[in-house]
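Chains as they are written, first to last, in the working numbering: chain D, 1 to 339; chain G, 340 to 678; chain A, 679 to 1017.
If you are wondering where the hints come from, they were derived from the structure by calculation, not from laboratory data.
It cannot be assumed that every hint is accurate.
Here are some, though not all, of the chain A residues that point toward chain G, as calculated from beta-carbon distances under 10 Å [to be verified]: (1) N753; (2) V773; (3) G774; (4) S804; (5) Q848; (6) G850; (7) D882; (8) A887; (9) Q946; (10) S950; (11) G951; (12) H952; (13) G956.
Keeping only pairs whose Cα atoms sit at most 20 Å apart, straight-line, the calculated EDC-like set for lysine to aspartate or glutamate is [as the list claims (entries may be wrong)]: (14) G:K383 <-> G:D370; (15) A:K870 <-> A:D881; (16) D:K8 <-> A:D863; (17) D:K187 <-> G:E646.
Small disclaimer: the values here were computed from a predicted structure and weren't measured.
Yeah, the Cβ is synthetic: ideal placement off N, Cα and C, and Gly gets one too.
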Amino acid sequence: MQLSELAKALGGRTVDGDATFEVSGVATLDDGGAADLGFVRGEKFAIALADKAIGAVIAPVGVDVGGRPVIRSGNPSLDFARATGLLHPVARPEVGVHPSAFVSATATVDASASIGPLASVGAGSSVGAGSVLHANVAVGDDVVIGQDCVLHLGCCVREGTRIGNRVVLQPGCVIGGDGFGYEFDEKGEHAKVPQVGNVVVGDDVEVGANSTIDRARLGSTRIGRGTKIDNLVQIAHNVEIGEHAVFISQTGIAGSTRVGNRVFFMAQSGASGHLEIGDGAFIGARGGVIDDVGAGERIWGFPGLPERTWHRSQAIFGKLTEIVRRIRRLEKRLGGDDA
Amino acid sequence: MQLSELAKALGGRTVDGDATFEVSGVATLDDGGAADLGFVRGEKFAIALADKAIGAVIAPVGVDVGGRPVIRSGNPSLDFARATGLLHPVARPEVGVHPSAFVSATATVDASASIGPLASVGAGSSVGAGSVLHANVAVGDDVVIGQDCVLHLGCCVREGTRIGNRVVLQPGCVIGGDGFGYEFDEKGEHAKVPQVGNVVVGDDVEVGANSTIDRARLGSTRIGRGTKIDNLVQIAHNVEIGEHAVFISQTGIAGSTRVGNRVFFMAQSGASGHLEIGDGAFIGARGGVIDDVGAGERIWGFPGLPERTWHRSQAIFGKLTEIVRRIRRLEKRLGGDDA
Amino acid sequence: MQLSELAKALGGRTVDGDATFEVSGVATLDDGGAADLGFVRGEKFAIALADKAIGAVIAPVGVDVGGRPVIRSGNPSLDFARATGLLHPVARPEVGVHPSAFVSATATVDASASIGPLASVGAGSSVGAGSVLHANVAVGDDVVIGQDCVLHLGCCVREGTRIGNRVVLQPGCVIGGDGFGYEFDEKGEHAKVPQVGNVVVGDDVEVGANSTIDRARLGSTRIGRGTKIDNLVQIAHNVEIGEHAVFISQTGIAGSTRVGNRVFFMAQSGASGHLEIGDGAFIGARGGVIDDVGAGERIWGFPGLPERTWHRSQAIFGKLTEIVRRIRRLEKRLGGDDA
């Protein structure tokens, strides 16, 4: 693709230098060759270009890029992400149902959708326009999959799930497994509480590899529009998540907790059940909240503490032997019965 | 279903009010409509009924439910769970082997079992009466699956596994992966220790989505009757778990640890290898035990501490800056060489 | 197999006693019967043999094994591991492509490889000599799988992945899912950063059940030769791991971190992104490093502390109530304004 075409596709950016430069792909500044496109965020990073082979870049106006052809951008990293998509379109299975796939006679697959080899679609389910089920994906009964979704290899969507548009499910993730609920019966043994609700996944949600989102006991577990979930994350039954929230890998949210918009859970964090996590809250890595969190609050540690408190306490934790030494010295100086 | 029929099916409960009331499904008190059945645990919850549309309830004797038809119950939540199962039977694939499934010529599938689309059953394996393999399930060679089991979409059961009766495997869980064992060889590199044991899963066990239970190095990894395992839980090789234990999401149990009956591991907790965890022990969320735990002990924190000790220490942790301030004040008051 | 044959296969070991003894299998000292082979590491363990039924053992020279036939070995546990493999060869699907599998017309499968039931191999991919894909495995397009690999039930390998020789993938693991990367767009919403790199897995790597290794944003996520990864481990995009490293279950490594050779991450540990973890470093269970770690360093806790510091601080943590009591006593003795 010519740099000028790319600049146009990015929304009409300006090109400085040779606009006919032919870009073959995107690359990091370190690895890029003479036909590759990279990006620099600003002046500071432009210095790194000096001894690099990379052929062209996206850079802010005014930043010296060593004479290379350059697309000028107010947001080089966003434009670079978009250029990546344009230069490296993702392959998809052919449109239509692969002969080795199983699609129930009562399911509806849009003519523009792709159902890959050995994928299955259950009774009464529907797959919208442009959506792709890769090989070995399993979709149960009465599932609705919207338009332009991508279900990667081997992911599983159980019965009754509702998936919006442009949703991406990474391989092996599970949507709609039973919530974990038991009552003790007369013998003091676990009686299963049937989980007869479902999962509703909003538009533009992405779910990472081998993450799990459980169906509701009653009603719906809900993932709001634009929320992004990394790998190996657990979302329990009846959790309701707002829009544009982020859950980094190995985080777990217990049952019925409500998570607001744009909440950010860092890696290996978690929340107990039946909590309210306010809009824009931030839970640090390994943080585990057991109480409600107000909008915009920043919490670390387990059980969760305000960010500043935790950082200070944690710093002292690393010096506890010194603390004990100081106490011992004080006791010594006072003498007597200080046991 | 008429309320009278349901009351009978629950074990002969009494109905107050219109016993011919036709129940269409179960619901929460908040969401339930005029044809739905809810439940109240007691007087305190009955107040919430005042402005609700829900048509009928299960409630203890004597609790005022605002004139609704009511099934009287000594255990409303258990009866509600059972009513849920009766009113919302789970769909299952048709009895028989789906034409797109693969069943080895040497496998045995009971005539009343269901093998869903694109599921596979290996050589010498058997699937018992009434058991269901949903779509894309993979069962290896020489596996025994008992009666009335449900293997949800895409779960994997490796060779030699023994599964009891009424076992439920949620999507994507893996039973019988190799245990993690290596010896250093002559070059100081990892030589695999073959894992030639298996996994034995007792009756009425449930395993959550994407959880993993490893096969034994020698002998068997064992999951006792009635034990319930949530999502993304790891059970390592040669672990032996008693009856009716509970493992909440993202917990991990290392190799050869023995877990007693009715032990409870809360979310994101864990146990080191080669430990004994006594009957009825309780490990709090994020708890990680590295020593044996006695019967009935309650442990929190990592490394694990007795519950009360941990709670107190944790409370002080959040005030360590204040502790340091108090020490500094003492040092100041004593003056001199308090560096 | 006769003991003499086994001794020969182990590299020419000496047999004391009846070299024609027929070994039927391996077993623990506790469980082994008269035809089984066990092992003892040394004198101390030999005592345990006294009342055992086990028929033969592997033991160091000079250790008394109660008159049993014995293979003498300088490394009994390593030889026992190898004997296990010899006496219990793992079953594999028949050589060739199972009729129910899907192999793209443009894929290449070596004539000595096995493609199991309902497995899929995408366009342009290749499967090397002696490699095995078990049932329901999904391999995407343009994947290279080397020789003598074993891909267990239901694992998923996305497009572009490069897998070396003798690699073992346990069931349900996912290689090549998208890395987790987003930029905020003009509306402050998450725009996906296309992940157009791949994953390169070296020779002799093993990946545990339901673990996830993400493809690189650009370039490659790399797993070095001989590295062993346990179950439910997360390796994020652009991570580079050296040779013979070990990652125990439920550990997570964030994006672009570089992990040296023979690094050891214990269970439920982790590392932030963009770090350097030096050769031979050791991260304790639950450890979470947020800064670079030097070669050979031993780190525990979150955020990571040197092993000794953490152990001491942790010991004091358990006695914080006593610490506070001592401070209160000092304050009391000094009297006055010690609030």
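So, going through the hints one by one against the coordinates:
1. N753: Status holds, d = 8 Å.
2. V773: With a closest approach of 15 Å, the A:V773 hint is violated.
3. G774: violated, 15 Å
4. S804: violated, 23 Å
5. Q848: holds, 4 Å
6. G850: Nearest chain G Cβ about 5 Å off; hint holds.
7. D882: With a minimum Cβ separation of about 8 Å from chain G (threshold 10 Å), the hint on A:D882 holds.
8. A887: holds, 4 Å
9. Q946: Given a least distance of 6 Å, the restraint on A:Q946 holds.
10. S950: violated, 18 Å
11. G951: violated, 21 Å
12. H952: violated, 25 Å
13. G956: violated, 18 Å
14. G:K383 <-> G:D370: holds, 19 Å
15. A:K870 <-> A:D881: Violated: A:K870 and A:D881 sit about 32 Å apart, past 20 Å.
16. D:K8 <-> A:D863: holds, 17 Å
17. D:K187 <-> G:E646: Roughly 28 Å between the alpha carbons, so the hint for D:K187 and G:E646 is violated.
Checked against the numbered hints above, the structure violates hints 2, 3, 4, 10, 11, 12, 13, 15, 17; every other hint is satisfied.
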